[in-house]
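Turn these sequences into a full structure, and let the hints guide you.
2 protein chains.
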Amino acid sequence: MPKTVEKGSDPLELVEVGPRDGLQNESALVPLAEKIAFVDRLSAAGHRRIEVSAFVSPKWVPQLADAAEVFAGITRRPGVRYSALVPNAKGLERAIACGVTEVAVFAAASEVFSRKNINQSIDESLVKYAEVTRLAHAAGVTVRGYLSTCFGCPFEGEVPVERVATLTRRLLDIGVYEVAVSDTIGIAHPGQVRSVLSVLRPLFTPDQLALHFHDTRGTALANVLTALDFGITTFDSSAGGLGGCPYAPGALGNAATEDLLYMFDGLGHDTGIHIDAVTDASLALEPSISHRLPSRYVNAVRSRRGSAQPDPV
Amino acid sequence: MPKTVEKGSDPLELVEVGPRDGLQNESALVPLAEKIAFVDRLSAAGHRRIEVSAFVSPKWVPQLADAAEVFAGITRRPGVRYSALVPNAKGLERAIACGVTEVAVFAAASEVFSRKNINQSIDESLVKYAEVTRLAHAAGVTVRGYLSTCFGCPFEGEVPVERVATLTRRLLDIGVYEVAVSDTIGIAHPGQVRSVLSVLRPLFTPDQLALHFHDTRGTALANVLTALDFGITTFDSSAGGLGGCPYAPGALGNAATEDLLYMFDGLGHDTGIHIDAVTDASLALEPSISHRLPSRYVNAVRSRRGSAQPDPV
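Chains as they are written, first to last, in our numbering: chain A, 1 to 313; chain B, 1001 to 1313.
Derived by calculation from the structure, the hints in this document are not laboratory data.
Glycine included, C-beta positions come from ideal geometry on N, C-alpha and C.
Check each hint, because a few of them may be wrong.
[As the list claims (entries may be wrong)] Stretches of chain A that chain B covers, calculated by requiring three or more beta carbons in the stretch to come under 8 Å of a beta carbon on chain B:
id	stretch
1	184–197
2	254–263
3	293–305
[As the list claims (entries may be wrong)] Each pair of labels, with its calculated beta carbon distance range:
id	chain 1	residue 1	chain 2	residue 2	range
4	A	Arg-305	B	Pro-1287	27 to 37 Å
5	A	Val-199	B	Asp-1010	23 to 33 Å
6	A	His-137	B	Ala-1284	52 to 62 Å
Structure (structure tokens):
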């Protein structure tokens, strides 16, 4: 199923995952009204793809128990795709009941991680996601696929790139329109991005791939820069660098949207997303979480606003 | 004057500036013994170039008032170059009295910054540094040059790359063996690194240039990766990401040595510097400063050590 929303002339595209992947890893429960305002500020900032929440067990992710209420509360801007993570047919049903038109399923490239994360083997999860995708398509809902631990597994260590390629193909065969090749534990570095994309890119079109990095070891921007050289045009990011890593407590979260935008703007890309507006969205959310946002760009703005020095830009 | 210490077969070289540029921007006064231990741990980790301190006015930088004591206390490893920043002939004299064999002078690419930082015009500073370099060479001391605000000035804004090229040439003509082209306020992004190096690289050999980035906006690693593509092989970094930016209070410091090493190791470069040993040096120093070190790699190690999860590497 093709991407359904027209993009501008610049092929570069960000998928804002802060409201879902970011908040999912935040310990403080964020009030519903703040979540709704966050999503609305992100769409107003120019984001055209926002992962809003997840229809998963509230026991599993208490932070996202209010998925239906968030979807009911946000103001849907024309041209913006609002998506939700769903683990199974029941989650899909709940999403459809909320008027969601795009969902995401999540498989793993590591057998141990798959069992620990979703209590299923990789094969079992793909059988389930095939059914979810069939049902989704029947309801006119598009499906994105995440493939986690593509650059390393906290339990298995190295993950063979051939397995990543095979599973990306199987997810596309199921009918997901795009696979987010994910560095779940933030271990990827540019050398590895080169070796993984050297294998993947000849097998898939840029439209079929997205890259999902965490900034745990500070390499997210360098990884994205490397992926750009391979023609990748879709990247996941999280406003303010919101989030963390459940497998590295205290470690930092997703690639920060603002940090990526600062680099993209500097490279002359017109993403249509306004860095100042995203920064304002992040800073408005910050009082609702338990720590300072890790985005370096956001922290530079914060310190500049508190400073008598002239704006250096 | 040629570089005097042999390098390994990998041309990549890090200049560890944490003890000087890092500590200079830390508000808590670090005890002398901790500074000495820090430098000794960094040389033991494999660093071959360490900027140890500065012979500047204690009124100007109280943190570095003990430069002579630090030099007297460290254990000098064969093959390691220990350098000091000097602002003038008097500073050089003090450095020479301490047995220092390499010093660094610091000019700016912005007239306003030069006047605010060292109370001299750019031309005045170059006249002074020519004399400092003459005296240094007469004493068998090599001289490195910093050129600050090459990617933007907190007061003037944009800095023309032609001026950066002219001043780099003038510093080399004075007799410095290498110019550290510096992003003083951490504003550089890969697009700008490309445009600056497109002008500089045809004019100078890689041996004449070093790149000095701050990670204020999260772009340090992406900038270094870009500079590698232009054949640059020498980069300044600070253990733990120690330091800050006097022109952006609260903002983050120099490119973190560990974050750079993680990327270099992943790219297959053998710098001879051991990332675990640098991390240990940073974590040993951390209790003496007033905040957590910002290096993302160091924070990932910290969280992993505090976690029951297996090491994912």
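Cβ distance range 52 to 62 Å for His-137 (chain A) and Ala-1284 (chain B), holds or violated: holds (57 Å)
8 Å C-beta criterion, at least three residues: is the stretch 254–263 of chain A covered by chain B: holds (count 4)
C-beta pair Arg-305 (chain A), Pro-1287 (chain B): status relative to the range 27 to 37 Å that was hinted: This hint holds: roughly 30 Å between Cβ atoms.
Hint check for Asp-1010 (chain B) and Val-199 (chain A) - Cβ pair distance inside 23 to 33 Å: holds (26 Å)
Coverage assertion for the stretch 293–305 of chain A with respect to chain B, Cβ distance below 8 Å, three residues required: Three-residue rule met by the stretch 293–305 of chain A, so holds; n is 8.
Coverage claim, chain B over the stretch 184–197 of chain A, checked by counting residues with Cβ within 8 Å (three needed): Check passed, 7 qualifying residues.
Violation of the numbered hints given earlier is absent; every hint is satisfied by the structure.
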